[in-house]
Amino acid sequence: MFGYIVKRIAASVCTLLFVAAITFLVMNAIPGSPFLEENTTVEQMELANEKYGLDKPLIVQLKNYLVGYLHGDLGTSLKMQKGTPVSDLIFHQGKFVLSIKLGILALLITVLVGVPLGCIAAYFRGKWIDNVLSVFSTLGIAIPNFVVATLLLEVLAIRLGMLPSVSGSLTDVKSYIMPVISLGLYYACYVAKLTRTSMLDAINQDYVRTAKAKGLKTNKIIFKHALRNSLIPVITYLGPLTAGLMCGGFVIETTFGIPGLGRYFVSSIIERDYPVIMATTIVLSALVIGMNLLVDIIYTFVDPRITLTGKGE
Amino acid sequence: MDEHKKLIEVNNLQVSFFTPAGEVKAVDGISYSLGYNEVMGIVGESGSGKSVEAYSIMGLLQSPGKVIGGSILLEGKNLLDYSKKQMRDICGKEISMIFQNPMTCMNPVYTVGDQLMEAVTCHDKSISKKEARNRAIEMLNMVGINNAEKRIDQYPHEFSGGMRQRAMIAMGLICHPKLLIADEPTTALDVTTQAQILELMKELQAKNNMSIIFITHNLGVVAEICDRVSVMYAGHIVEQGEVNDIFYHPQHPYTRGLLASMPRLDSEGKERLIPIEGTPVDMLDTPKGCRFAPRCAECMKVCVEQEPPAVCINANGHISSCWQHIRQMKEEVGNR
Amino acid sequence: MPIIHLNNPKDLDFLKIPEDGFSAASDSEKENLVEKRKSVSYWRDAWRRFHSNKVAMTALIVFLAIVVFAFAGPLIVPYSYESQYRNSAKLGPMEYSKSEEMERTVLQEADAVFFTETIMGSLLSLSKGDYYIKQNNTTYCFSLEKALEKAMIIYNKDGADILTIGLTKDYKNGEFTTVTPLEYTIGEPSSDAKEVKMIKSVFPHVFGTDSSGRDIMARSMYGTRVSLIIGIIAALIVLVIGAAIGAISGLCGGVVDFVIMRIIDLIISIPSTLMVLLLQVVISEPLQKWFDTSTWGLARAMSDLGPGIVSIFIVFALLYWVSMARIVRGQVLQLKSMEFITAEKVLGAGNKRIITRHLLPNCVGQLVIATCLQIPSAIFMESFLSYLGIGVAAPMASLGSMCSDALSALSLYPYRLLCPAIILSVLVLTLNLIGDGLRDALDPRLKK
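Residue numbers (my numbering), protein chains in the order written: chain L, 1 to 313; chain S, 1001 to 1336; chain D, 2001 to 2448.
Wrong hints could be hidden among the right ones.
Below are the SDA-like pairs computed for lysine to any residue, each with C-alpha atoms no more than 20 Å apart in a straight line [as the list claims (entries may be wrong)]:
#, chain 1, residue 1, chain 2, residue 2
1, L, K220, L, F124
2, D, K2030, S, D1282
3, L, K217, S, D1124
4, D, K2030, S, A1297
5, L, K217, S, T1121
6, D, K2197, D, A2147
7, L, K220, L, P116
8, L, K220, S, S1128
9, L, K224, L, D303
10, D, K2054, S, P1020
11, D, K2054, L, V135
12, S, K1005, S, D1282
13, S, K1125, L, I221
14, S, K1025, S, T1279
15, S, K1084, L, V26
16, L, K127, S, P1020
17, S, K1330, D, A2147
18, S, K1301, D, R2357
19, S, K1085, L, Y123
20, L, K220, S, K1025
21, D, K2030, S, T1279
22, D, K2345, D, C2252
23, L, K7, L, T300
24, D, K2010, S, N1335
25, L, K217, S, N1335
26, D, K2157, D, K2146
27, S, K1125, L, T218
28, S, K1150, S, D1124
Think of the hints as simulated: they come from the structure by calculation, not from any bench.
On a predicted model such as this, the values are computed, not experimentally measured, just so you know.
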């Protein structure tokens, strides 16, 4: 178990390094330069390049980044807020915390709403409640989150005035409601469908028949025997889910005007602020990869078959 | 006369599956009875309705399957009238069942012991966890699992196929049921393990005074373990009787065909195996006469028109449903 | 039915046996007994299952309606996705601009008009020169001495002067106070004459227009077209790459399989959205350059789609094949152990034959399902990128960019968001439902 976790952590670090390298290469392939403005001369460009080490060979630049990261130095912004350390931009100005809060709340909504609804639908399979839930979850995964966000904004905030329309820095509880709902709705619906399917799948398994033959109560069969098995696909989905919530975060932050990390990342790409791109990518990737790692560890608790094989399948 | 001389009596049981393509009469009016301490084999090819019949005793039929007629009497009480709760009390305690594939019949995420103890505690709320555990260890020892104290905390995937089937048997017997239904318990196992499991079941049957309904398509297994045999074809029991009668004096053409298609160790010389020609009937659209008629070499005009009546061959309850017997009787009457 | 005892002939009495009942039945009589059901092929059976699935069939019909809307719609609607119709900005659904109102009023009496203030007739004003008009198989040629602005050419089939010019300033209370006849000749137009296209009716702006005066329905049609093309091509790319890599991985096994599986593990743990955003920005400009310089046919075709769309394809080709490859690999491994593959190998078939003749046909059901469900995910990705402003570039329309455009004036003009959003949602919904239906139809084992 311990060895397995160590192995997985090592693999995660490798993945992170790989992501860093890829991002670096891709980023340098973006046409244009951070210093390219209308009146910059060639000399000014070269001077700036030299100052920020952009004239060195790519491999050296990459090495400098990685060495910096190992020391907790995320570099200095080249453009967006010239000269400010990137770690200040990301962590101290609350961007990171804001995005993480939003993401965690949406994740909680997704799991705490999606899984029970899926169970209810599977339990009442074919009844009206299952049909209603199926219709809603199918609709939920067909509506893009930016549409949900704008409609909520329009109806709840502007037309009805129930919630603050400008969420800004999410200062009070009310301002969280709309961003979290619009971020979590799609995934909650997806998880509900997923839980229902895997629950029904589990209910049709031979071991459930064995449990029935033993004379167990229906509730016990469903919540002891079927649920734990049907949670395995849901846990698998947590990794992509985290990545998806981040991706949704970009859009939601843009729509609600929340100064979070996602919005910042999008503008850093457009501005070609290399250190910011690198640092945001690494931080966000570390989140996703960390979540994947966590999922693998949760696995070993839910499914005893995994510890022995040491593999997720 | 003892009212409950028979442990279980099945009368004219009818089970249908209501599929989109139409009604499939998987079990169409079968009757048999089983005494205490008796082992009955139900033999038939795939799709003949033998598992469906067993599932309806346990109340395990899945939609779209439904019992539409007949009765199943356990010690004189009709199980079909029982509520879900009453059935839960019966299942696992009075009747238990073991299944074909030991690899998938145990929940992979709980230990074997947990699943065994659950079978005890759900029928006896007063039993302590410790006692239940001891019972489980005792049962595992009884079914021949070595080192049961350690094995009990292992997960099903740490058991081999044969071991799992032993554990399944232990789970089935843990409440000392009067009737054990074994649905092809040896089919998924290799031949040596098969023999061991059969041996174990025979032994446990004698030790625990229980009856067994043994469902299989393997006549060799039947010969080894059963006292009585029912041969099923397309939802009907075509022949039933004591195991020797069936094996040495088969009456129904289908039984004869089955026996002829089975390799025998005691056969002399180079007898060829004779397969039964044709394919099983389409259960969606059963013929109005005898269901075996299309494949029967001795088929007569009446076979095509009317279902054959059941004919009692001897005093030991050897019954065969075939028009040939009627023809013979008529001929004898004519000759007299 | 009571049991008959062998030694008790009286039991036989209740039986009614036909005269010749005990004579052997002929083969034909036995044949008649069993009504042979035609054995149905896999595909026919799957179609039957799909056909009886009401939800999936409805979804299919709606989906086909959307396809017709996207591809045949622009043939009917005379507006284009990029033209900004002057005086027609910010119209609500089914509203007409002032000039269009004027055209409609004139058309109540006239048979066809040409109005210089709209560009229905493709020009905003007519400069000095030769023109011709075709109406009812007759070609009317005329020449203008000076440019014609803010005026209408009116064609009246049965009036005394069948071609007249009315000036906007003479238009009062729904009528022209004065019209001047247009002098024309009938016959072949001179070689440098330009055609003036008259219109017979004013097509309504069904969904209204946006703030630049572009027709929202026309844009929705093109946007849907873009979404469909992106969805289908991206899914096909994923299918081809994923199936190929998955099949190779499964068939070769050993080191190849190990390496491919590690690459897949790696790609799965990369946050793909970040990469998509980065790649999208990286690829677009070089692609545009390549389109501008290359004369290669494919480059020209892709240039029509625009670099934004093509880079979405590239991103899908690079990152999204992994799940497809996993599905195919799993299927291949499962099928590989089956006897018929062994038999084929014994007969000396090469890997290529095994892949194309046996493995692919056997996992085609799974592939169809996965591909169908990939389409909505590609559509979502495109709309997401376009919404953030880095997908499809203006003036090309996309459902995502239309939603994004609508945000600025959402409270005033909610339909600008709703029209593309509803089409997008319905499109994704139907594709999901069709995918679910296909899964139930093609893989009955999975059906609950």
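Checked hints:
no. : hint                : result
1   : K220(L) x F124(L)   : holds (15 Å)
2   : K2030(D) x D1282(S) : holds (14 Å)
3   : K217(L) x D1124(S)  : holds (13 Å)
4   : K2030(D) x A1297(S) : holds (10 Å)
5   : K217(L) x T1121(S)  : holds (12 Å)
6   : K2197(D) x A2147(D) : holds (17 Å)
7   : K220(L) x P116(L)   : holds (16 Å)
8   : K220(L) x S1128(S)  : holds (19 Å)
9   : K224(L) x D303(L)   : holds (13 Å)
10  : K2054(D) x P1020(S) : holds (14 Å)
11  : K2054(D) x V135(L)  : holds (14 Å)
12  : K1005(S) x D1282(S) : violated (38 Å)
13  : K1125(S) x I221(L)  : holds (17 Å)
14  : K1025(S) x T1279(S) : holds (18 Å)
15  : K1084(S) x V26(L)   : violated (64 Å)
16  : K127(L) x P1020(S)  : holds (19 Å)
17  : K1330(S) x A2147(D) : violated (115 Å)
18  : K1301(S) x R2357(D) : violated (48 Å)
19  : K1085(S) x Y123(L)  : holds (18 Å)
20  : K220(L) x K1025(S)  : violated (32 Å)
21  : K2030(D) x T1279(S) : holds (13 Å)
22  : K2345(D) x C2252(D) : holds (14 Å)
23  : K7(L) x T300(L)     : holds (14 Å)
24  : K2010(D) x N1335(S) : holds (15 Å)
25  : K217(L) x N1335(S)  : violated (64 Å)
26  : K2157(D) x K2146(D) : violated (26 Å)
27  : K1125(S) x T218(L)  : holds (17 Å)
28  : K1150(S) x D1124(S) : violated (25 Å)
Of the numbered hints listed earlier, those contradicted by the structure are 12, 15, 17, 18, 20, 25, 26, 28.
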